[in-house]
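K.L.:
Chain by chain, the residues run as shown.
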Amino acid sequence: MLSLESITKTTQDWLFAKFSPEIALTIECVIVILLCITLFAVLGLVLVLLERKVAARIQIRLGPNRVGPGGIFQTAADTLKLIMKEGLTPDSADKFLFNLAPFIVMMVAMLLLAPIAFAKNFQIWDINIGVLYISAVSSLSVIGILMAGWASNNKYSLLGAMRSGAQIVSYELSAGFAVLTIVVLTGSLRISDIVASQENGWWLFKGHIPVIIAFVLYIIAVTAETNRAPFDLAEAESELTAGFHTEYSGMKFALFFLAEYINIFIVCAIGATLFLGGWMPLHIGHWDGFNHIMDYIPSSVWFMGKTFFLIFVIMWFRWTFPRLRVDQLLNLEWKYLLPISLFNLLLVTVIAIMGWHF
Amino acid sequence: MFLKDYISDVYNGVASLLKGMRKTGYYFTHSKEIITEQYPDNRATLKLADRFKGEVVMPHDDNNEHTCTGCTACELACPNGTIKIITKFDVTPEGKKKKAIDAFIYRLEMCTLCNLCITACPSDAIKMVPNFEHSVFDRSKLTKVLNKPGSKIKEGIE
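Protein chains in written order, with the numbering used here: chain A, 1 to 358; chain B, 1 to 158.
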C-alpha cells in the first residue's frame, strides 16, 4: 500500500545506495526544506481561504466567490498582489531589526514543524524531548513580534507588541500545564511515544474529565498565544490599526500574515497529537470490525482531519467572541486558567499514579 | 462562599460562550440563512429588505388619481428643501374653487431619504420605494415631478 512511510523509506534507501552517507543526508535535508516551504505556502493559501469562507458563513455572507470556481484562487491572487507590492521601510525605523523581524517570526514557525508527526513514521525529527522543544521554541515568536513593534518606531506597533508580549508570556503557563497533563499520563516527552500511548483510545476519552478540562484550557491558551480573536489585542484593528505589523507592507507583511496561520496550524497539530491521538485512527474498545475499517483510512488523513477540525474550532471562536480588554485578558489567565490548570494537573497526577485512566 | 461564586462565574462564562457558539454554528451549517445578494447577476430576482428606502414616489391608481391635497406638510417637514409644491386652484362642478397641486417637485439629488415627509403626510399620498439604480448622466434628470401629467386628486380626500 502506498503510504508516506513507504515513500520516505524508499527514497532514503535509494539515496543511501546511490550516494555516500554525507551527501545522501544533505540531499535529504534539502528535500525536507523544500517540503516544509511547500507546506507553508500551501497551508497559507488554504487556511486564509478557509478562514474567509468560515467567517462569511458565520456572518451569513457568501465570502470570496469570484476568482476561480467558488473563489478558490482568491488567496493565490492576493499573494500575487502582495508579491508585486513595494516592501516599504519607514524612514525613522531601525532598518536592520525592521527587516529581520518577519523572518524571525517565520523561522520560529518553521522550527516548530520539526517534531510534528504528520503520519505513521513520517516525522522530521523525533527527539526525545519533543514536547519540551515545542513549548520552548514557540515562546521565541514573541521576540520577533517585539522586534517588529520596537523597530517600526510607531506608537501603535509598540503598544501592540507590548500587549502581545504580556499575553504570550502569561498564556504560555496554562498551555504548558495543559501539555504537562498528557506528559504526566504518558510518562514521555517524545511525540512518537505520546502518539503510541493512544493506540487503544485517545487521551481525551481515556483520561476522564480532567483531560477534557486540560483540552479546553489548551485550546483557550493557544488561541491567546497565536494572537487570535478573542485575544487579538496585539493587532486590535479598532484600537491599534494593525498592532505590531502596522508599518509592514508587501511581502514582509505577508510573512507575518502567513506566520500567524502557520502558528495556528502548528498549535492545532500539537493539540491533535496530544489529546486526539495524532495520526492514530479512532479505535473503540473491542469493536474489532469498526476498528479495522478505521485502520483503512490513511494515518495522514486522520492527522490532517483532526488538525483541521481544531483549526475550525479556533476560527469559530474568532468569529463568535468579542475581543477582551487587557485587564480582562490577564484576569482570565491569572485568576481563572492558571489556578484551574494547576488543580487539574494535580488531579491528573493522582489519576496517573493510581492508574485510574483506561 | 468565595469558591461557590468562583465556580458559578466560570460556569456562567462558559455557558454564555457556548450559547454564542451555538448561534454562529447554526449560521455556519445553514446556508439558507445567507442574505448576500449577488447584485448585477440576480438583478431580476433581487430581494431587498422591507425597510430599505430608495426614493420618494407618489402612487397613482388606475384612474390616474393620487391622494395629495397640496397641504405642503411634506415641504415643511423636509430638512433640506428637497420638496417644492406648486399649487393651483381647480374649479369644482359646483363652481367652488378647490386647492390642488400643479406640480410636486422632488429633488432626489438633495434628498437624504430620512422619511420625514412620509410621516408628515396626512393623506398617505407619498411613500418610499426601494429603487436604488439612480445613476443618470445629467444632474437635472434627478429633479422629478411626482404627480403624473393630467392626474387629479381622488374623490373625497380633503
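Be a bit skeptical, because a hint or two may be false.
Stated by the list, open to error - Cross-link-like lysine to aspartate or glutamate pairs, in silico, EDC-like; alpha carbons within 16 Å at most:
| no. | chain 1 | residue 1 | chain 2 | residue 2 |
| --- | --- | --- | --- | --- |
| 1 | B | Lys127 | B | Asp5 |
| 2 | B | Lys152 | B | Asp50 |
| 3 | A | Lys155 | A | Asp193 |
| 4 | A | Lys335 | B | Asp90 |
| 5 | A | Lys335 | B | Asp9 |
| 6 | B | Lys96 | B | Glu155 |
In short, the hints are calculated from the structure, not lab data.
K.L.:
Does the structure keep Lys96/B and Glu155/B at a Cα separation of 16 Å or less?
P.N.:
holds (15 Å)
K.L.:
Is Lys127/B close enough to Asp5/B, meaning Cα to Cα at most 16 Å?
P.N.:
With Cα atoms ~56 Å apart, Lys127/B and Asp5/B exceed 16 Å; violated.
K.L.:
Does Lys335/A pair with Asp9/B here, judged by a C-alpha cut-off of 16 Å?
P.N.:
Satisfied, since the Cα-Cα distance of roughly 11 Å is no more than 16 Å.
K.L.:
When you check the alpha-carbon spacing of Lys152/B and Asp50/B, does it fall within 16 Å?
P.N.:
Since the Cα atoms of Lys152/B and Asp50/B sit roughly 29 Å apart, the hinted pair is violated (cutoff 16 Å).
K.L.:
Sort out whether Asp193/A lies within 16 Å of Lys155/A, counting only the CA atoms.
P.N.:
violated (46 Å)
K.L.:
Does Asp90/B sit within 16 Å of Lys335/A, going by the straight-line distance between their CA atoms?
P.N.:
Answer violated: Lys335/A to Asp90/B is near 81 Å, above 16 Å.
In summary, the structure is inconsistent with hints 1, 2, 3 and 4 from the numbered list given earlier, while agreeing with the others.
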